[in-house]
Amino acid sequence: MKISATVTLKKDVLDPQGKAVNQTIKNMGFKNVTDVRQGKYFEIEIDEANKEKAKEIIEDICKKLLSNVVIEDYIINYK
Amino acid sequence: MKISATVTLKKDVLDPQGKAVNQTIKNMGFKNVTDVRQGKYFEIEIDEANKEKAKEIIEDICKKLLSNVVIEDYIINYK
Amino acid sequence: MRSSVIVFPGSNCDRDVAVALEKFHIKNQMVWHNDTNLPKTDLVVLPGGFSYGDYLRTGCIASKSKIIDDVIRHAKKGGLILGICNGFQILIEAGLLPGILLRNIGLRFLSKNVFLKVVNTDNQFCLNYKNKDIIQLPIAHNEGNFFAKKELLKMLEDNNLIAFKYCNKNGEIEENSNPNGSSNNIAGVISEKKNILGMMPHPERLIDPLLSGEDGSILFTSLIKS
Amino acid sequence: MKITPEIIDKHGIKPDEYKKIIKLIGKNPNLLELGIFSAMWNEHCSYKSSKKYLKTLPIKNDKVIQGPGENAGIVDIEDNDAIVFKIESHNHPSFIEPYQGAATGVGGILRDVFTMGARPIATLNSIHFGSHLHSKTKNLLNGVVLGIGGYGNCMGIPTIGGEVKFNSSYNENILVNAMAVGLVKKNKIFYSKAKGINQPVIYVGSKTGRDGIHGASMASNKFDNNSEQKKPTVQVGDPFTEKLLLEACLELMKDNSIISIQDMGAAGLTSSSVEMASKGNLGIELELEKVPCREENMTPYEIMLSESQERMLLILNSGKENQAKKIFSKWGLDFSIIGKTTNSKNLILNYNGNEVANLPLSSLSKDAPEYDRKWIKSTNSKKTENPKNFKSLKISTCLEKILKSPNNSEKSWVWEQYDHTVMGDTVQKPGGDSGVIRIHGKNKGIALTVDSSANYCLADPVTGAKQVVCETWRNLISVGSKPLAITNCLNFGNPEKDKIMGQFVETIDGISQACTYLDFPVVSGNVSFYNETKNNSIPPTPTIGGVGLIKNLNNMMTKNFKEPENHIFVIGKTLGHLYQSEFFREIMNFNNGPPPKVNLFNEKNNGLLILDLISKKLVSSVHDISSGGMLIALSEMCISGKIGAKIRIPNNIIGKHEYLFGEDQSRYIVEISEKNKKEAIKILEKNSVYYEVIGKTQKDYLDLEKEFKINISELSKFNSIWFKNYFEENYGS
Ligand SMILES: Nc1ncnc2c1ncn2[C@@H]1O[C@H](COP(=O)(O)OP(=O)(O)O)[C@@H](O)[C@H]1O
Ligand SMILES: [Mg+2]
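Those sequence lines, one after another, are chains S, U, R and A. The first sequence stops at residue 726 when you use the numbering used here, and every number in between is there. The second sequence stops at residue 726 when you use the numbering used here, and every number in between is there. The third sequence stops at residue 234 when you use the numbering used here, and every number in between is there. The fourth sequence stops at residue 1577 when you use the numbering used here, and every number in between is there.
Among the clues, some could well be false.
As the list claims (entries may be wrong) - No farther apart than 30 Å at their CA atoms in a straight line, the calculated lysine-lysine pairs in the DSSO-like style are these: (1) LYS700/U x LYS698/S; (2) LYS1098/A x LYS120/R; (3) LYS700/U x LYS649/U; (4) LYS120/R x LYS1169/A; (5) LYS1098/A x LYS74/R; (6) LYS666/S x LYS1568/A; (7) LYS698/U x LYS710/S; (8) LYS1009/A x LYS678/U; (9) LYS120/R x LYS1326/A; (10) LYS666/S x LYS678/U; (11) LYS698/U x LYS678/S; (12) LYS700/U x LYS658/S.
Claimed, not checked - Pulled from the structure, derived: some chain U residues nowhere near chain S, Cβ distances all over 10 Å: (13) LYS657; (14) VAL680; (15) ILE704.
Claimed, not checked - Now the in silico label distances, taken between C-beta atoms and shown as ranges: (16) LEU1094/A x LYS85/R: 51 to 59 Å; (17) TYR725/S x ILE1565/A: 38 to 46 Å; (18) GLU706/U x LYS1543/A: 43 to 51 Å; (19) LYS1032/A x PHE32/R: 28 to 36 Å; (20) ASP720/U x ASN1196/A: 31 to 39 Å; (21) GLN144/R x THR1223/A: 50 to 58 Å.
To be clear, the hints were calculated from the coordinates, so they are not data collected in a lab. As the structure is a prediction and not an experimental result, all values here were calculated from the model. Quick reminder that beta carbons are idealized off the backbone N, C-alpha and C, glycines included.
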């Protein structure tokens, strides 16, 4: 099963990359872009047919590794 | 309008980060994870009510800035 | 004094810091990240470098290494721990120091000498800086932007847990001499028990007049001062 | 599969070359065999256009341990220490994907160095871009610098020198040349030559993917029924894996398990296996299913032609496999026994038990084509045309404009993105005439520099090439090192054009003359042809990387003025040659005319004299005069020393613009204290070296009598502002 997860910085955490991308987009002339936040995207291949079980495992991995809970949030997307 | 885009390495392109993350997940004892690919995730706030127009702009930004089409693919997600 | 430098895959200042330790007669051992136990040691050093290529988040994967459990035990017993650059990032990911290190504000790797104000000399690492509180050390990092939320910043300031701040050559702590965007110009922090120091600048790179300075030496001579 | 003329063409093989292949191997090649020929016989691997001329370079003296022909060159620096170094280009990949192109360029050249048993101790780079106004330049510059830094920083190897140049002739063909330098014990050098029959052939490092299967990939795509995606021809670097590979290789090299070792660079497994076996005059047999692969269903064709990075091929003494495997698995790297050496003198490839290729090795190496291409002499620019009158231009305005120009700006924006102090032995950082690295644990060091002068070379390839070698020599001298040897990267257009071939031939001639005269041999290098787009060729751009030895680091010299009230000497004669100068280019927008003449006698004489003054501790600072001329050199000494100077222009000169901005060769500016003046002059006169005393250092101001007086901090601003402004418009991108 393929499951993807996105990890983003919490709202109140500074996002230097997103900020810079936003600025560049503006400089390129796209005036109506008002904000950009950058995060990480993971595509995980898991050998587990049971959807619920897979979900639990990915949750666990997100918490323990893929995100730093102090500053980041994660979302898991099931296709 | 908020639109997000994910940029991932093309299928045959080496993904050193994904590889290292995959290995770590294995070392942490999650035996049934077989592959991880890592990409970038962007959340873009755009001041454009027309969905089609917004889509076009984001496409353009993805092509020109957020991805290098030589090695990366991008997907735009409309919520 | 005995020290252990932990070597992670991708560490690249492990030799440099070992050279510095030995120069000041600290008996050092290199310890592989995959070992479970530290040898008998007074000081644990997590060196600079790019452990695991800086992949995922800097210091994150290394903080899951086998040896880290024993490093945490060492910390709890009050043993000394020094994390330099990537070592600082690992300490944070391992939960031994608070805050987080984000990408430099300019999004560029920065390698240059910076001025630092020694803010706290009341810890084993900075004892000898007493009379010389403006020093110069090199930085070389991509992710040294120390970020802490308001409450944490206040806690660090109130409890005097900041070791170094970026400053100008006159010791003034101002925006222009903040190379990476760190909150309150913070370049290094210490733990509440003052036995752990994490810092972005590299003291081990300035221990020789030939290398245009010796401000780093003082940190090592502090360590051996009893 | 039938090999059609179209397939042959797609593999870059000419019809007569194809005939030659059939004759050499006595059969029609299959697709895999054709792919192997295409890789081995292309210009990049075979040097078919350049070989004839490369053979004429001076490659020996008593310090040279290894000249061209191995992964890198090696020179002796005494006490059983030796320096391994080479420069290589990664031009085309960097234009397509600047970050990855530049990064893998650094990765590749580092492997060339550590494959010989050396620990890399420094890297340098020479990068050329199009006009700063060209739409692609900013992004390319940014990506290349990030890529070089990204790889070198992660490896923990200081990047301590380089050059950055802009010229519209590189608009569609940027140059990224990377140089790596390593330290090895003289008695622990490893070579690529295979020895012994039935010895195991080992693959280590990263897995093989479908990276960089070049032009050939297009051909193979056609045969792929379900060809879903266009295959990537750009390799992605993984500096983390390379760091592990470095440490694992050096660990294994501690004992005598390795018979020979070769990195997989261009043409990957093909060229590495062919080179090792043919150098050893042996055969080699590989089982391709044993090659660790990253993707499923990789074909033998893809496996042999992949250019995946961070891989090495080893031949071990049989019986040492297990012990070696332990080391590589400790570092988390793939390790696989993929074949053995044989006495057949053939390359035999098997895949799941079937023979899929069988070629005589000689057909791939020594019998590969070697061309004597047509060439014509370059029409050198003459002093016929002159620019408009410049005599009335204010010197201060010209100085400001030159200091602020992209090519003459100081480059700290670039080198501050490179870790240049890691390893704790950087005794002279970027920004000086050469970087200097201490030999770990000792009080000696090596000086390193890379240089090029494409403008001079285009105007007159022979003189230009001589000049670059001399400039390298001068940069090494200026920091107090004895020049030892060079490596060279020859960047040119299409050698099938007689004009370009002429530039190449003449460049080699110039390099040879200078290196021979200065006893400054060429020990390694690389040729990059076909740097042209739509018939626009780059100018001939030989890049020279030089290495010098400082036996006692207490004698190292720097260019920054040290204190006020010292005398300023110009060593060497100023004739005022302005053609091809930065003054003509930046101020007059005038690009014609010949480059300055190079007098090898003066070059050597002046250089050795400077070394003598340095070793006798008679000078406080030294800087060579190069592009921009005397006033630019003076300004740089002021800026870096934060010390001013008061200069008097002599009366009896041709013209002050010529005097101050002329680019005559073999000149240095030196700072000498009152105390040492007499002694220094005595030595200068004894050696009949031409010198002038042009003024004195002073506090805070550069003061040119009757012309201007400017504060050093302002001067410094002029020189540092360009990069900041260029990128601030587009902050952080
Ligand atoms: N311009 C040159 N001058 C001298 N030697 C050269 C030159 N170009 C290439 N060589 C030598 O030819 C050999 C093969 O070069 P190359 O194919 O670039 O090496 P690699 O296989 O390591 O990439 C090397 O030993 C190199 O030093
Ligand atoms: Mg090689």
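Going through the hints against the structure:
{"no.": "1", "hint": "LYS700/U x LYS698/S", "in the structure": "violated, 37 Å"}
{"no.": "2", "hint": "LYS1098/A x LYS120/R", "in the structure": "violated, 35 Å"}
{"no.": "3", "hint": "LYS700/U x LYS649/U", "in the structure": "holds, 13 Å"}
{"no.": "4", "hint": "LYS120/R x LYS1169/A", "in the structure": "violated, 40 Å"}
{"no.": "5", "hint": "LYS1098/A x LYS74/R", "in the structure": "holds, 27 Å"}
{"no.": "6", "hint": "LYS666/S x LYS1568/A", "in the structure": "holds, 19 Å"}
{"no.": "7", "hint": "LYS698/U x LYS710/S", "in the structure": "violated, 34 Å"}
{"no.": "8", "hint": "LYS1009/A x LYS678/U", "in the structure": "violated, 51 Å"}
{"no.": "9", "hint": "LYS120/R x LYS1326/A", "in the structure": "holds, 28 Å"}
{"no.": "10", "hint": "LYS666/S x LYS678/U", "in the structure": "violated, 38 Å"}
{"no.": "11", "hint": "LYS698/U x LYS678/S", "in the structure": "holds, 16 Å"}
{"no.": "12", "hint": "LYS700/U x LYS658/S", "in the structure": "holds, 27 Å"}
{"no.": "13", "hint": "LYS657", "in the structure": "holds, 13 Å"}
{"no.": "14", "hint": "VAL680", "in the structure": "violated, 5 Å"}
{"no.": "15", "hint": "ILE704", "in the structure": "violated, 6 Å"}
{"no.": "16", "hint": "LEU1094/A x LYS85/R: 51 to 59 Å", "in the structure": "violated, 35 Å"}
{"no.": "17", "hint": "TYR725/S x ILE1565/A: 38 to 46 Å", "in the structure": "violated, 53 Å"}
{"no.": "18", "hint": "GLU706/U x LYS1543/A: 43 to 51 Å", "in the structure": "violated, 60 Å"}
{"no.": "19", "hint": "LYS1032/A x PHE32/R: 28 to 36 Å", "in the structure": "holds, 30 Å"}
{"no.": "20", "hint": "ASP720/U x ASN1196/A: 31 to 39 Å", "in the structure": "holds, 33 Å"}
{"no.": "21", "hint": "GLN144/R x THR1223/A: 50 to 58 Å", "in the structure": "holds, 55 Å"}
Hint check: violations occur at hints 1, 2, 4, 7, 8, 10, 14, 15, 16, 17 and 18; the rest are consistent with the structure.
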